[in-house]
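Engineer: So the sequences go chain by chain: U and R.
Going by my numbering, the residue at position 88 of the first sequence is 88; the numbering climbs one at a time, nothing skipped.
Going by my numbering, the residue at position 125 of the second sequence is 406; the numbering climbs one at a time, nothing skipped.
No lab work stands behind these hints, which were simulated from the structure alone.
Please read these numbers as outputs of a predicted model, since none were measured by experiment.
Do not take every clue at face value.
What follows is a list of derived Cβ distance ranges for each label pair [claimed, not checked]:
(1) Pro350/R / Lys272/U: 34 to 42 Å
(2) Ile163/U / Glu337/R: 46 to 54 Å
(3) Leu613/R / Asn110/U: 26 to 34 Å
(4) Tyr19/U / Asn291/R: 49 to 57 Å
Only pairs whose alpha carbons sit at most 25 Å apart, straight line, appear in this in silico SDA-like list of lysine to any residue [claimed, not checked]:
(5) Lys488/R / Glu422/R
(6) Lys43/U / Asp344/R
(7) Lys272/U / Leu578/R
(8) Lys426/R / Arg446/R
(9) Lys114/U / Arg694/R
(10) Lys114/U / Ile567/R
(11) Lys43/U / Pro401/R
(12) Lys484/R / His504/R
(13) Lys484/R / His523/R
(14) Lys114/U / Arg299/R
Residues from chain R that keep clear of chain U, each with C-beta distances beyond 12 Å, as calculated [stated by the list, open to error]:
(15) Tyr296
(16) Gly387
(17) Phe399
(18) Pro401
(19) Asn412
(20) Ser448
(21) Pro465
(22) Lys488
(23) Val632
Cβ coordinates follow ideal geometry from the N, Cα and C atoms, glycine included.
Single-letter residue listing:
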Amino acid sequence: MATQATRVVIEAGREDRAYLRDLWRYRELLLYLAWRNVTVQYKQTLIGVAWAVVRPVATMLILVLVFGKLARLDSGGVDYPLLVLSGMLPWQLFASSMSEAGNSLVINNNLVSKVYFPRLIVPLSATGVSIVDFLVTCPILAFLMVTDSHHLDIGWQLLLLPIFLLLAWLAAVGSGLWLSALNVRFRDVRYVMPFIVQFGLYLSPVGFSLSNMKRIPEAYKALYALNPMVGVIEGARWSLFGDGTTPDWFAIGIAPGIIAVLFFSGFWYFWKTERTFADII
Amino acid sequence: MADPVIQVENLGKKYLLRHKAAGHGGYSTLRDAIVAGAKALPRRLFRRNAGGATREEFWALKDVSFQVPQGDVVGVIGRNGAGKSTLLKLLSRITAPSRGRIVLDGRVASLLEVGTGFHPELTGRENVFLNGAILGMSRDEIRRKFDEIVSFAGVERFLDTPVKRYSSGMYVRLAFAVAAHLEPEILLVDEVLAVGDAAFQKKCLAKVRSVSRSGRTIFFVSHNIGSVLEICNTGLLLEEGHLTANGPVRDVVARYYTALNDSGGGLSAGSFQGPLSKTVIFDRLIINDAPASGSRLIAPADGVRVRVEGRALADVPDFRTTFSLFREGTRLLTMHDVATPEVLPAGRFEVTYTIPPFLLRPGDYAVALGGRRVSGDDWVWGTDLSVLSVLEEWGPGCDPDDHGWLNVPQRGRRICHAASRNGVETVAP
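Given the sequences, and given the hints that come with them, work out the whole structure.
Structural biologist: Below is the structure:
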């Protein structure tokens with residue numbers, strides 16, 4: 001006879017109390033879907049996974065040209081390409097995880113309307129592609145750091161880099177949960193996301209260093225730091241370039257708080273609405 | 282009676298219907314879409330979530346209660362839109378109930394479609410693992426059954442080929458093979474047996490039977506009354522969201538046929554699907570001049586004269602109506618009102634179809650009706666609208682020895698080579 005562990009009670013108007021248990025039970029599916037996304041990503045392309053490198057490098061070159069060569073901004077103590085790429089990588093991790101997650105439910109609507117599993121698995125597994133892309137690009141950053149003309153003094157802060165990357169991922173998951181759940185109801189989200197990514201690239205300190213913003217009043221800086229990616233990118237640069245840099249500690253300090261709010265509210269909204277996904281997708 | 286493994290109490294599922302297609306689709310030009318969208322925007326931004334003049338509640342399922350003991354094979358039958366699929370979606374937790382309670386004791390696997398999550402770019406091998414995981418199998422479980430799955434599907438040679446290069450038959454066989462090797466305590470199945478060729482369908486039914494013999498509980502939704510009768514021991518009949526019969530499968534099927542015949546010739550608009558179902562309305566179906574229920578019993582010598590009355594709310598160009606008979610889920614024949622599609626002018630219309638005497642052999646035939654606009658590829662279609670029961674009246678035109686579904690005129694021929702056989706006989710002694 002079935003044991004208590006396999007008994008499922010479904011009641012109208014009540015959220016699933018065994019949600020986390022189910023999430024754990026379906027952990028293999030999370031890995032399979034992430035693996036599927038990664039495998040399929042570059043199928044039938046000529047240069048395959050090299051796209052993961054080409055895209056951020058091309059964007060980096062443009063930003064170097066615009067901010068470094070044309071606007072002649074200060075590079076904050078490192079070569080300009082390195083400055084840009086060190087902001088670019090966390091930004092790409094965030095932006096592409098967020099868009100992949102945001103579109104994931106709609107793309108996988110056949111799964112959502114035909115099989116049961118905790119829906120959280122879909123946006124989470126969608127970020128797998130971005131993580132792999134990120135890892136593939138890392139060696140280029142390492143290469144630029146080793147060949148940097150300023151002879152970087154890499155210190156203990158490097159050990160904190162994973163924390164900043166985790167924050168970038170959590171920020172992406174938090175906003176991705178909001179966007180994917182909203183996308184099920186309002187397809188407008190699909191058109192809004194590219195704007196967030198495009199504006200965000202210029203609004204976050206990717207193509208320039210915050211040290212260029214010294215003349216900006218403090219009040220505006222606080223407003224600016226509400227974008228959690230400001231703190232994440234500042235923190236990542238600080239951990240990479242070491243003591244020579246003076247990061248914006250205020251931005252780094254409030255980023256985890258903002259990201260926590262984003263993540264837990266995203267999780268809450270997703271959990272509240274996921275039982276209706278199959279009806280309206 | 283064994284302990285129930287499925288308990289359903291006062292189950293209900295409500296949908297909100299929006300009466301005007303809002304936002305997506307339905308606009309003929311971009312300009313119309315922009316104008317309508319701009320007008321609707323304030324309302325859509327500020328509308329309340331519940332109620333509103335443009336919305337109507339629709340109960341797809343209401344006050345459904347039943348229990349299923351362990352080891353039962355339950356067939357769920359009913360017309361289109363009766364709530365069969367909704368019930369299955371609730372049991373499989375894809376969607377949440379609006380009322381009531383479901384208790385499931387045991388691991389549940391649901392099969393609403395074969396090959397859910399199959400990715401065309403992945404190979405057969407990769408898809409087996411992916412699909413298995415989606416259906417709730419663990420990696421070890423899939424590994425253990427992998428060879429069995431592959432040989433059941435018969436795709437050994439193509440394991441490392443992307444499934445987008447598979448023939449549709451291979452694709453379906455592989456997809457079903459994965460599903461067939463699920464070993465849940467409760468299996469929920471929707472129509473999926475209606476795939477593949479006849480030989481494969483037979484294999485699938487055999488598989489379902491062997492699963493049921495191993496003591497597992499199966500919940501089976503189908504239009505195919507034949508396979509319901511074949512594999513199920515109990516039945517549930519749903520009519521317009523209500524559970525109207527629950528008991529031994531033969532009784533429930535009998536009840537279903539009676540219910541189908543009780544509609545008195547009137548057709549409900551809800552029985553029809555498709556983009557043209559709002560434009561071409563079929564009102565009445567009259568068989569052998571009498572809309573009453575008893576008259577659908579047909580003597581083989583009478584033949585069948587079908588008259589359909591309907592309305593077209595607008596001119597429909599390139600249109601012809603289609604009448605089909607189904608037997609046990611197999612489409613037996615199709616007829617049209619006109620040989621080549623032509624315009625159906627707005628207004629009332631009447632079409633007739635004639636099936637000659639003695640063509641249909643005794644048995645039950647389900648009626649389907651609809652039509653198609655060939656140029657725009659728009660259609661309207663309704664199945665299980667009525668049941669014709671051809672009586673067992675044997676005679677010269679209907680020989681009990683002629684097994685099968687149709688009588689055809691005697692077209693066989695016999696040639697005896699009596700002379701040569703005699704020749705052999707004379708030589709032999």
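Engineer: May I ask you to test the hint 49 to 57 Å on the CB atoms belonging to Tyr19/U and Asn291/R?
Structural biologist: The hint (49 to 57 Å, Cβ to Cβ) is violated, given that Tyr19/U and Asn291/R are roughly 24 Å apart.
Engineer: Does the claim that Ser448/R lies off the interface hold, with its Cβ farther than 12 Å from every Cβ of chain U?
Structural biologist: holds, 20 Å
Engineer: Beyond 12 Å from every Cβ of chain U: is that where the Cβ of Tyr296/R lies?
Structural biologist: violated, 7 Å
Engineer: So the hint says 26 to 34 Å: do the beta-carbon atoms of Leu613/R and Asn110/U match that?
Structural biologist: Given about 32 Å between the Cβ atoms, the range holds.
Engineer: Taking only the CA atoms, is the gap from Lys114/U to Arg694/R under or equal to 25 Å?
Structural biologist: Judged against 25 Å, a Cα distance of about 53 Å means the pair is violated.
Engineer: Does Lys114/U pair with Arg299/R here, judged by a C-alpha cut-off of 25 Å?
Structural biologist: Given pair Lys114/U, Arg299/R holds - Cα atoms ~23 Å apart, limit 25 Å.
Engineer: Using Cβ atoms and 12 Å as the threshold, tell me whether Val632/R really stays out of contact range of chain U.
Structural biologist: Holds: least Cβ distance 36 Å, greater than 12 Å.
Engineer: Holds or violated: Lys488/R and Glu422/R, Cα atoms, limit 25 Å.
Structural biologist: Since the Cα atoms of Lys488/R and Glu422/R sit roughly 18 Å apart, the hinted pair holds (cutoff 25 Å).
Engineer: Hey, is Pro401/R genuinely clear of chain U, shortest beta carbon separation above 12 Å?
Structural biologist: violated, 9 Å
Engineer: Does the claim that Gly387/R lies off the interface hold, with its Cβ farther than 12 Å from every Cβ of chain U?
Structural biologist: At about 4 Å from chain U, Gly387/R fails to clear the 12 Å cut-off, so the statement is violated.
Engineer: Between Lys43/U and Asp344/R, does the CA-CA distance stay at or below 25 Å?
Structural biologist: Given pair Lys43/U, Asp344/R is violated - Cα atoms ~50 Å apart, limit 25 Å.
Engineer: Does Pro401/R sit within 25 Å of Lys43/U, going by the straight-line distance between their CA atoms?
Structural biologist: Holds, at about 11 Å.
Hint check: violations occur at hints 4, 6, 7, 9, 10, 13, 15, 16, 17, 18, 19, 21; the rest are consistent with the structure.
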